[in-house]
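*Asks:* What follows is each chain in one-letter form.
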Amino acid sequence: MKKTLFDKVWDAHVVDSVQDGPQVLYIDKHLIHEVTSPQAFKELEERGIPVFRPDQIVATADHNTPTVDQHLPVKDELSRNQLAQLSENCKKNNITLYELGHKYNGIVHVMAPELGITQPGMTMVCGDSHTSTHGAFGTIAFGIGTSQVAQVFASQCLLLTKPKSLRVTVNGTLKKGVLPKDVILYIISKLGTNSGTGYFCEYAGDVFENMSMEGRMTVCNMSIEMGARGGMIAPDNTTFEYIKGREFAPQGEEFDKKVAYWKTLPTDEGAVFDKEYEFDAEDIEPMVTFGTNPGMGIKITESIPTEEDASFKKSLQYMDFEAGDSMVNKPINYVFIGSCTNSRIEDFRVAANYVKGKQKAPNVTAWLVPGSKQVEAQIISEGLKDVFENAGFQLRQPGCSACLAMNDDKIPQGEYCVSTSNRNFEGRQGQGSRTILASPLMAAATAVAGKIVDITKEVEPLELAN
Amino acid sequence: MEKFTTLTSQAIPLNIANVDTDQIIPARFLKATDKQGFGDNVFRDWRFNKDGSPNESFVMNNSIYSGSIMVAGDNFGCGSSREHAAWALVGYGFKVIVSSFFADIFKGNALNNGLLPVQVSEAFLSDLFTAIESNPNTELEVNLETQTISVKGSDLQESFDIDPYKKTCMINGYDDIDYLLSKKTEIEAFEAQKIY
Ligand code: SF4
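Quick mapping for you: the protein sequence lines, in order, are chains A and B. Each step along the first sequence adds one to the number in numbering that gives the first Met the number 0, with nothing skipped, and position 44 is 43. Each step along the second sequence adds one to the number in numbering that gives the first Met the number 0, with nothing skipped, and position 44 is 43.
I should point out that these hints are in silico values taken from the structure, not numbers from a laboratory. No experiment lies behind these values; they were computed from the predicted model shown.
Here are a few chain A residues that face chain B, going by a calculated C-beta distance under 7 Å:
(1) 19
(2) 78
(3) 128
Residues of chain A placed beyond 12 Å of chain B at every Cβ, according to the derived structure:
(4) 95
(5) 103
(6) 248
(7) 252
(8) 273
(9) 276
(10) 330
(11) 357
(12) 358
(13) 376
(14) 449
Even glycine gets a Cβ: it sits at the ideal position worked out from N, Cα and C.
Given only the sequences and the hints, what does the whole structure look like? Please build it.
*Replies:* What follows is the structure in structure tokens.
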């Protein structure tokens, strides 16, 4: 039978099936962080169950960590306590932890791929919905709840019903200034926030084939925002080249053997998906969101649509926007370039290219938060730090930061933030904050102008970006 | 986990679509290291004004409504995978959430915590809202054995789907860990002969 990429990886991991019920799926790698693991450790302890395969777990501290003065004790008592618990739990259970300040520390979905932990054909889970990011490698990766974290601790397995399959194909050539973030925001704006529920999504077509691994990660990252459990892209030479030589990647002959296996994973020609969508690359433009879910996005050249629906109106009211408004020229006081969607080196290169020789608008607070210590080091070694600081941007230390505002990086009540993160929910970036999702290029341009700009009108920066 | 067979209760109508888990429990309350206490902060920013006073216009603060069932708009529980959302709803006292659609992860989290997600048709959901909003004393009956939900004193009834395995777990009060631990031998055998 012809199989999809997803089928091949899933089927290779089925240990057993419950009659008329779910399957027992084996998990290769389990990533954990401070926020969704403590209750799982506690549950195991209370039930007297040991952690089954500590070697297959990697921990990092990212969600509530400060992004300044990381060498000092964490000020917030609750956060400090949560971090201390993580350290203690990892120590007790022999789990590798890249804690605050460690050279491998970072947002869980940035640091694992960067270290070569994420590999094609694997199953990976984490108590965080954006685990879908790792699907960029042809990995089945998805977010789980804390009860499931405990299940994986106890058995290295999960009980799951196999999701249905969905394929989104985008062919053609992207226009100048259209980044991977725009591609996924466009797809979600077309399909809505629950079109993917119950499905695992494969992205196919030349747009994704021609994308860097960083770009593929940005796309797969937001699969969850259309409701899908995860997204995947077939592994190819770009994938193998990216993994080669990384800290925990297979080496030498072992690597070649793996590559031979990875090459068997792409979807067979003629395999059938439960649902398919197709888009033209030429239709995609730089995108911005105007509402309070990631599906409420428009091309920068369009205006906010009119809908009669009560939730839609509530959303516009929260944002204080009117149907028919253009997003161009809306004044903005905060810009955040960061989060597991767009905090990799490529994202900062795009932003720096645009910012070079310009000045941030005086009204704007612009935060740059690298996804990991390694990205931070790269920003410095490539000289991007100077570019940003000369332009008045603030380079902070790695972490989730204003993506979910669990630490001090909060957008104040009523303020607008153009953000490269993945969620524009009410209050996501701080109580009463208003989030506009966009690409790092759009974010950088907003910071310079102090308002949203129509980037398609700027020829020169676009050339730099692509 | 608590067992669940049937429940008869009034319901709270939250007629809003796309309720995400950030609203159910805002991120700033996620710093706890145990499961207790989240109920106090369920829908925190909708239930309370900035100054800490109750927001009278929010349905959960409207004393004409009560009960351990929440009837909510389409696509309930979308967004973040935080299980804290399920703990918060359970902690507040909800045992059933009714909606025309649930986000995947939320649904799994709810079932793992003895909170029953009942998915009904859009038409039925709209009938439920009408019934409850026109008479807040309306009682709903949820029967897991027969997989039905009905409005007491009317002929409004619909059946709902649930994974048979999950149904057995809910009825008996056991969870996935118990099951997985019973599969240790198979898991070890699988590890020994992995094909990839
Ligand atoms: S950056 Fe944001 S979305 Fe990504 S893991 Fe952190 S909190 Fe979650």
